[in-house]
Amino acid sequence: MADLAADKVLQVELVAADRLVWSGQATMVIARTTEGDVGILPNHAPLLSSIIEGVVDVQTVEGETWIAAVDAGFLSVADNRVSILSERAEMSHEIDLEKARQDLERAKESGENDDAAQEAVRRAEARIRAAERAS
Amino acid sequence: MALSVREYRARIKSTESMKKITRAMELIAASRIIKAQQRAQAAAPYARELTRAVSAVATFSNVDHALTVEPEDPKKAAVLIVTSDRGLAGAYSSSVLKEAERLVEKLKGEGKAVDLYTSGRKGEAYFKFRQRAVVRSWTGFSDQPTYDVAAEIGATLIETFLAEEGDGGVDEVHVVYTRFRSMLSQEPTAVRLLPLEVVEGTEAPEKDDLLPLYEFEPSPSDVLDSLLPRYVQSRIFFALLQAAASELAARQKAMKAATDNADELIKKYKRIANQARQAGITQEISEIVGGVNALADAQAGSE
Numbered sequence: 001m002a003d004l005a006a007d008k009v010l011q012v013e014l015v016a017a018d019r020l021v022w023s024g025q026a027t028m029v030i031a032r033t034t035e036g037d038v039g040i041l042p043n044h045a046p047l048l049s050s051i052i053e054g055v056v057d058v059q060t061v062e063g064e065t066w067i068a069a070v071d072a073g074f075l076s077v078a079d080n081r082v083s084i085l086s087e088r089a090e091m092s093h094e095i096d097l098e099k100a101r102q103d104l105e106r107a108k109e110s111g112e113n114d115d116a117a118q119e120a121v122r123r124a125e126a127r128i129r130a131a132e133r134a135s
Numbered sequence: 001m002a003l004s005v006r007e008y009r010a011r012i013k014s015t016e017s018m019k020k021i022t023r024a025m026e027l028i029a030a031s032r033i034i035k036a037q038q039r040a041q042a043a044a045p046y047a048r049e050l051t052r053a054v055s056a057v058a059t060f061s062n063v064d065h066a067l068t069v070e071p072e073d074p075k076k077a078a079v080l081i082v083t084s085d086r087g088l089a090g091a092y093s094s095s096v097l098k099e100a101e102r103l104v105e106k107l108k109g110e111g112k113a114v115d116l117y118t119s120g121r122k123g124e125a126y127f128k129f130r131q132r133a134v135v136r137s138w139t140g141f142s143d144q145p146t147y148d149v150a151a152e153i154g155a156t157l158i159e160t161f162l163a164e165e166g167d168g169g170v171d172e173v174h175v176v177y178t179r180f181r182s183m184l185s186q187e188p189t190a191v192r193l194l195p196l197e198v199v200e201g202t203e204a205p206e207k208d209d210l211l212p213l214y215e216f217e218p219s220p221s222d223v224l225d226s227l228l229p230r231y232v233q234s235r236i237f238f239a240l241l242q243a244a245a246s247e248l249a250a251r252q253k254a255m256k257a258a259t260d261n262a263d264e265l266i267k268k269y270k271r272i273a274n275q276a277r278q279a280g281i282t283q284e285i286s287e288i289v290g291g292v293n294a295l296a297d298a299q300a301g302s303e
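So the protein lines, in turn, are chains A and B. The first sequence: position 55 = 55 (my numbering), numbered continuously. The second sequence: position 292 = 292 (my numbering), numbered continuously.
Source of the hints: derived by calculation from the structure; they are not laboratory data. Glycine included, C-beta positions come from ideal geometry on N, C-alpha and C. Keep in mind that a hint or two might mislead.
A few chain B positions that, by computed beta-carbon distances, are all more than 10 Å from chain A [said to hold, decoys possible]:
| id | residue |
| --- | --- |
| 1 | Arg-11 |
| 2 | Leu-50 |
| 3 | Val-104 |
| 4 | Glu-217 |
| 5 | Arg-230 |
| 6 | Gln-233 |
| 7 | Ala-294 |
With a straight-line cut-off of 20 Å between C-alpha atoms, the simulated SDA-like cross-links for lysine to any residue are [as the list claims (entries may be wrong)]:
| id | chain 1 | residue 1 | chain 2 | residue 2 |
| --- | --- | --- | --- | --- |
| 8 | B | Lys-19 | B | Lys-35 |
| 9 | B | Lys-35 | A | Arg-19 |
| 10 | B | Lys-76 | B | Arg-192 |
| 11 | B | Lys-13 | B | Ser-226 |
| 12 | B | Lys-35 | A | Leu-20 |
| 13 | B | Lys-108 | B | Ala-91 |
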């Protein structure tokens, strides 16, 4: 069946630096690049793009929606293969919402001007968004 | 007979408890190797995808990046040496340090000054004892490295590579680590990390395998800018993971040898102790017999 529908599905791999977070077939992937949100459908033109801290949305062939929070990284699309590379990535069901909220509070307190703190704030916000959208 | 039976018994006891310790360490190392190998395998997809992306950019754009430019007259090199935090791993740390010394000699022979960076307490101690300057050392993670550590090491090395000569910048970065070939063989390896040779990736695309024409967002140079540092970090992470697996394998081998040696020693001491015990008994008997004879002689004499 996979062969039959090879031109209608995307083979998606969501990869963190230390593990493969999710891999499977999907009909659509939405990710946030430096230029804004981008949606990838089957037969998309080859693309290599930087992504920022945000939420990745995957519609599987079974009609399920998987949501993951990712850090800055890359999105690469070629031949109906989508790879999302990020140093850290978590599926929404792996995120502890309470802990993410605390992280956000802490990150906000630790400073507004600091680059690292800003990054931590964006990361925490992305994780909360991912967890809330899934629930 | 130099020692009494009691002293041999004490030696046997202490060797036995040593054997228990080395046996436990052997088993711990054996169980951790599996985890270390799994971690190395889990990190493989990231490295593979990253290599694919880097070669795509390198193939389809004519962008030169600071990290790939070969300096014309390299004068200074940095060497990162990946050693272990703890000993009791046989020749693991010393063989990687030997390989590092060879590389340092070679670089010096080419007229380059060498800056040393170490990871692991053993490397730190080695250079401290010899009073040789180490620019920076990282410790405390050698048997289970995390990506964060690799990212930090990578960021530091990239910073030194990009810095101007005057501010301690270097023209080359090398890494010396132990490659994990199998449980039985680990091999100290030296590789040049920077400047990057992009196509030397683990999975270089086949010649007739046409790579797709990519769109780059926001632009090829921007993508390359954030791609290459990550590529470097992922290669350092790979080196750390390989070193961790090698360290555990070396430790398991060393501890197995130690356990076997303890067994031999116990056997030897048991033999000697038994001999001493026999000798003691023989002596006692001959003393008793001698005493009885003397008594009998004395009694016979008095009658």
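Cross-check of the supplied hints:
1. Every beta carbon of chain A lies more than 10 Å from that of Arg-11/B, the smallest distance being close to 47 Å; the non-interface claim holds.
2. Distance check on Leu-50/B: its Cβ comes as close as 6 Å (rounded) to a Cβ of chain A, failing to clear the 10 Å threshold; non-interface status is violated.
3. The Cβ of Val-104/B sits about 30 Å from the closest Cβ of chain A, beyond the 10 Å cut-off, so the non-interface label holds.
4. For Glu-217/B, the non-interface assignment is contradicted: its Cβ lies about 4 Å from the closest Cβ of chain A, within the 10 Å cut-off.
5. With 10 Å as the threshold on Cβ separation, the claim that Arg-230/B sits away from chain A is violated: the shortest Cβ distance comes to roughly 7 Å.
6. With a cut of 10 Å on Cβ distances, Gln-233/B falls inside the contact zone with chain A, its closest approach being about 8 Å.
7. Every C-beta of chain A lies more than 10 Å from that of Ala-294/B, the closest at about 84 Å, which supports listing it as non-interface.
8. Among the hinted pairs, Lys-19/B with Lys-35/B is inconsistent with the structure: their alpha-carbon atoms are about 25 Å apart, more than 20 Å.
9. Pair hint Lys-35/B plus Arg-19/A holds up; C-alpha atoms about 13 Å apart against a cutoff of 20 Å.
10. Between Lys-76/B and Arg-192/B the CA atoms are separated by roughly 13 Å; this keeps the pair inside 20 Å, and the hint holds.
11. Distance hint between Lys-13/B and Ser-226/B is unfulfilled; the C-alpha atoms sit about 60 Å from each other, more than 20 Å.
12. For a cut-off of 20 Å, the pair hint linking Lys-35/B to Leu-20/A stands: about 16 Å separates their Cα positions.
13. Under the criterion of a C-alpha separation no larger than 20 Å, the hint pairing Lys-108/B with Ala-91/B is inconsistent with the structure, at around 25 Å.
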